[in-house]
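Student: Listed below are the residues making up each chain.
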Amino acid sequence: MLHFQRWKVILVFGIVFAGIIFSIPNLIPTSKLKDLPSWVPHKQVNLGLDLQGGAHLLYQIDEKELVSDWLGNIRGDVRETLRSNRIGYTDLAQNVAGRSVSVRVRKPADLDKAFTELKKLSLPIGNDVFGGFSGNNLDVTRNDSGGVTLTATEPGVNDRISSAIQTSIETIRRRVDAFGTTEPSIQREGRNRILVQVPGVSDVQRLKNLIGETGKLEFKMVDPSADAAEVASSKQVPPGTELVYSSDEPPIPYVLKDQVLVSGESLVGSQPGFDSQTGEPVVTFRFDSAGAKRFGRATQDNVGLPFAIVLDNKVVSAPVIREPILGGTGQISGSFSVQEANDLSVLLRSGALPAKLTVIEERTVGASLGADSIESGKKAAIAGLLLVIVFMFAAYGLFGLFANVALFVNIAIIFAVLSLMGATLTLPGIAGIVLVIGIAVDANVLINERIREEIRSGKSPIASVESGYSRALTTIIDSNVTTLIAVLVLFLLGSGPVRGFAVTLTIGILASMFTAVTVTRMMVAYWLRRARPKVIPI
Amino acid sequence: MFRGITLVPADTKIDFVGQRAITWLVSALLTVVPLILVATIGLNMGIDFSGGTLIEIQTKKSPANLAEIRGKISGLGLGEVQIQEFGAPNAVLIRIASAPKEEEQQASVAKVKEALGDTVEYRRTEIVGPTISSELIAGGTIAVVVAMLGIMIYVWLRFEWQFAVAAVASLVHDITATIGLYAVLQLEFNVSSIAAILTIIGYSLNDKVVIFDRIRENLRKYRRMPLVQLLDRSINEMLSRAVLTHVTTFLAMLPFLFFGGEAIYGFAVAMCFGIVIGAYSSIFVASPMQLILGVRRDAFSVSGEASKAAKERAGAAARA
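For the record, the sequence lines run as chains A and B. To get the working numbering, take the position in the first sequence, counting from 1, and add 12. To get the working numbering, take the position in the second sequence, counting from 1, and add 692.
Calculated directly from the structure, the hints in this document are not laboratory data. Any given hint could be a false lead.
To be verified - Under the rule of at most 25 Å between Cα atoms (straight-line distance), these lysine to any residue pairs were calculated in the SDA-like manner: (1) B:Lys753 / A:Ser380; (2) B:Lys793 / A:Leu207; (3) A:Lys46 / A:Gly212.
Stated by the list, open to error - Simulated DEER-style distance windows between Cβ atoms: (4) B:Leu768 / A:Asp287: 32 to 42 Å; (5) A:Ile489 / B:Glu813: 46 to 56 Å; (6) A:Gly147 / B:Leu949: 55 to 65 Å.
Even for Gly, the Cβ is constructed at its ideal location relative to N, Cα and C.
Same shape as in the complex, but just chain A (with noise of 0.2 Å):
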């Protein structure tokens, strides 16, 4: 009990050390925390976004739209594949519900071809998780009626939708990006959502605008045929031609051309600036060679018409060509204020997203509500762990004084794993830590009453608190171990402000078996050796 071995006396103090050293950035203001020299311990909390302020938003992406996507591409290949092979076809059709395209026919003696061919589109799907083959995208069949259905696989339409994600992933990084805000957090939810966690962020709507518009850009020729105003009234549409409306307030009908000029896939950059004449916010645009060529040739053929600029099926000008614009470069104006400008060229920039996302659950905490609940929330602590202290050395005088060191030791090593951690504090959190308070608490409690027993039992002083420790380890590890059963429950199955929650009291709960067991009982030795009492005042 009194001696300890020389490197458990250095471990211990090593430990002890490095949880006060790294937990001190804590309590320095982060603006001078940059003045400090460079080996100085830097890292700080993070602080959840409940604390902090920011937006958390959950957007899950819409399957039904990427798989009719989908199977478009696949009528188009099977027609391309028919074709090519000058095969005869009818009732080419898709079946959005039963995920599969169908195709009849003509002449049965081409149907064994048209299976051999159409099969050559289903490929195999190459890396799920385990780098595995999990089979093709699609399921090729000869039907009933004498052709062929092409259906969709599981794994097919999982493939599909996890390449979405990915995609959208990188489309809504580069968006949030341009934002400016520092660190946000983009990360794939389970099989079809993504949840963004952007901090500090002010203009949530706008951050919202910017994330979920679709940012499909395209070029077509208004129809100078027909008259748009009559055609929105009548809504007789021309055959080959749309009719699509401008973002304006009243939005003002456009009849265009089905075919696409060219589309913002071709985008190579897109900036915001002025107009040289007019001095308005413009957007200015590249696109790649081949975009410019088509550009090029479409202005040549159109000079004097007026074409469409659409982005998410709204036009957003429609000015007339008054030369070929060959240099692959133009500008979109459109009455625009700077941000507005600004957000359209990010759009550009950043691709459009593979299907429309929609939220289904936001969050958002101003930030001076998040100040608040610091403020309330440390005070709070603060006003606890003072009650506690005083509570400890009223009930157990100099063993308390044990306990309370313990204490703060327990405090500063939560601090300092969550500062190297990069784990995040919330407010529930703070709560967390505050239990940990008592439970750590309860370990020393249960030691002193242990020790109190063996010294009613009649053992003298230092045998006394030797089985006081060693008798209430079991029960301290017991008792622990089943708390924390709950708490992994709790880090596992929750999210956000809870998950903070279950990792704040995981680390507590741990460094309080280290500071309430093995630093207590160090301190509790140290004065055995120096004072050699004749009794334990306990």
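Based on the hints, put chain B in the right spot on chain A.
Tutor: Same frame as chain A, but now just chain B:
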């Protein structure tokens, strides 16, 4: 030297288990009445579980003019809307019932912000769509069940099945009593309530394990003592520890009730209650349940020979 105040004298002998006729009734009421309360008054379901939209605003003028805000919002056609003061006199909470589609919820928030304009500060906006709310309900239920199972297995491995059953039964008691508190006070029941319940489970169990540990020790030590007496002895021996620990944890949590802020208030109320109810159920539910479940004394004996003897003696004691 200052030795500290002794709150519970060492020779305290209260017959806790002896009073079990009364305490069983109390425990049964604490378990059943909450279920009736939930069925009749119901829980104040937060948007986490019911879906919907919540907007917390702060007006520049204090106190906030609720009638004016209500007037501005009622004309928007948002369905069921609740407007109430929240904590401070200039803080207002606007709650909009769930819409069947997520897009509509987004549109409602935009409408409210347009109607109120920049005259107020938007402190917090929470929108939970119908998809998420049903998942959160399932997730919360699974969490509680999984935690109970894990705990049961651990206690079973470390002690005996009787202790595991007693632990889980008393945790069920704690959970229903806590849910009853939510119903009585009409505190918002949300994801952090589930966190509170899981924490109470962890804390309360911690306390039960400490007493079980002592019961096990005494079962080995006093082979002839009748079980009622042995249980009472175990509880009394741990009474000083129980009082000290629960008082400290309670003291640590208490300030959160008064100045922890609105966001944590419900959690703090549940935790303070949970500390008390957990302490109660350790003494009045988990321990006397050993009488019903009939813990085997030989399970904790050192050798087989001793266990046989203990069994006979236990049998004799039971007959006596």
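Student: Does each hint fit the structure? Answer for all of them.
Tutor: Tested hints:
no.: 1; hint: B:Lys753 / A:Ser380; verdict: holds, 17 Å
no.: 2; hint: B:Lys793 / A:Leu207; verdict: holds, 19 Å
no.: 3; hint: A:Lys46 / A:Gly212; verdict: holds, 20 Å
no.: 4; hint: B:Leu768 / A:Asp287: 32 to 42 Å; verdict: holds, 39 Å
no.: 5; hint: A:Ile489 / B:Glu813: 46 to 56 Å; verdict: holds, 49 Å
no.: 6; hint: A:Gly147 / B:Leu949: 55 to 65 Å; verdict: holds, 57 Å
Every hint from the earlier list agrees with this structure, and none is contradicted.
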